[in-house]
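With these hints in hand, go ahead and build the complete structure from the sequences.
Protein chains: 2
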Amino acid sequence: MPKENDTPYVLLGMMTTGCNTGYSMKQMIDNSLSHFWKISYGQIYPSLKKLTDEGLAVAKKEPQKDKPDKITYEMTSVGREALENWLTSPIESGLPIQKNEWLLKLFFSRHEPASSAIEKIRQYEKQLEEKLAIYRQIEQNIQNAEFRSEDERFWLFTLRHGFKTTTAAIEWCQEVTEELQNGEE
Amino acid sequence: MPKENDTPYVLLGMMTTGCNTGYSMKQMIDNSLSHFWKISYGQIYPSLKKLTDEGLAVAKKEPQKDKPDKITYEMTSVGREALENWLTSPIESGLPIQKNEWLLKLFFSRHEPASSAIEKIRQYEKQLEEKLAIYRQIEQNIQNAEFRSEDERFWLFTLRHGFKTTTAAIEWCQEVTEELQNGEE
DNA sequence: ACCCCCATGTAATCGGTTACATGATTCT
DNA sequence: AGAATCATGTAACCGATTACATGGGGGT
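For the record, the sequence lines run as chains Z and B.
Sequential numbering of the first sequence, starting at 1, is according to my numbering.
Sequential numbering of the second sequence, starting at 1, is according to my numbering.
Worth flagging that the hints you see were computed from the coordinates, not collected in a lab.
Note that this is a predicted model, so its numbers are computed, not measured.
Every clue listed holds true.
Remember, identical chains collapse to one label, so a pair may be satisfied in a single copy or spanning two.
Cut-off 27 Å, straight-line C-alpha distance, at most; resulting in silico cross-link-like pairs (BS3-like, lysine-lysine):
hint, residue 1, residue 2
1, K3, K131
2, K3, K126
3, K49, K67
4, K131, K38
5, K50, K61
6, K50, K99
Here you go:
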């Protein structure tokens with residue numbers, strides 16, 4: 001069976017959080033879901049159109065005086081049903097195999113100088129640290145929000161997943177760096 | 001700039017490990033690199049052909065009496081140079097954003113019953129445990145191999161990355177499950 | 001002037017999966 | 001007779017990225 005496409009459901013989900021334009025959905029995904037999801041305008045706009053055509057959402061043109069016109073989307077009852085259906089349906093596809101270019105290169109590291117491998121892991125670690133900093137920022141944003149969202153609890157859960165796995169990866173970097181350096185001299 | 005395609009380099013790398021047919025490359029990737037890479041025949045065979053056309057590898061037809069004919073590939077000196085070049089070149093693309101359908105659904109879990117969310121996390125945990133079991137199997141395979149490979153050290157490094165991050169994710173499952181159950185009654 | 005933010009959209013292309021086709025050998 | 005493993009390949013399709021196009025408003 002062909003794998004399901006999650007994109008329309010993400011967009012429906014976004015509508016429940018107050019994001020109602022393609023632009024703001026992209027923003028929020030980049031900001032608050034970036035630790036486990038990403039999307040591009042090339043998917044968003046055609047997908048929103050399709051959702052409208054199929055009656056899962058309704059579009060409304062809203063002229064703004066100081067900013068360009070925008071199109072707001074709202075979920076219909078049919079859309080809500082589809083979202084809930086998707087949420088409670090089982091995930092058949094197993095675990096996501098996260099392609100990791102850093103590990104890929106390390107796998108073949110016998111064919112490069114040790115210093116090069118060590119430097120690569122240092123860079124990897126640096127990127128992981130930056131990721132952690134972003135997570136802390138997201139956490140602040142959620143907790144300092146004026147309006148307590150009912151979603152908040154779940155958002156913080158997913159964030160913690162990011163914290164834990166990223167921290168574990170950083171620990172790995174430190175261990176491996178040390179072992180590589182011991183083997184170098 | 002368009003993102004680089006790693007597939008040909010993976011295949012060149014495979015050739016250095018003794019895998020010299022498309023079939024065996026796929027097998028090894030599924031077995032020993034599955035924690036950070038995957039590939040399909042639809043990529044492998046056209047890619048091997050292209051590598052041959054460009055002079056990075058040479059193909060040789062080898063008839064076998066008891067098994068179907070196979071085509072073995074060997075890296076040329078040009079290929080080796082390309083591989084080493086790729087290995088030492090910087091990774092510009094930052095960190096891989098691993099799409100995670102489980103976290104995606106949890107993010108919107110306000111719209112489903114708590115029991116459904118708990119069940120989903122239990123399933124996620126189960127899959128992570130299975131993954132750990134596979135890693136242990138891979139570890140055994142590497143350590144029990146008759147011929148000590150010079151690659152071994154690096155292979156075990158990448159495996160440890162899998163262990164650490166997967167274990168962290170399992171811990172997260174346990175924490176979150178508990179908190180969801182407390183909030184349920 | 002220039003750049004950034006807002007805002008929507010499309011076309012070309014790419015990387016990758018899935019399904020299909022073929023066919024020999026070995027094991028049950 | 002049928003299933004499993006070995007072995008190679010192609011065509012259709014899809015999800016997604018990238019680059020491009022447009023255009024108003026605000027800040028330096």
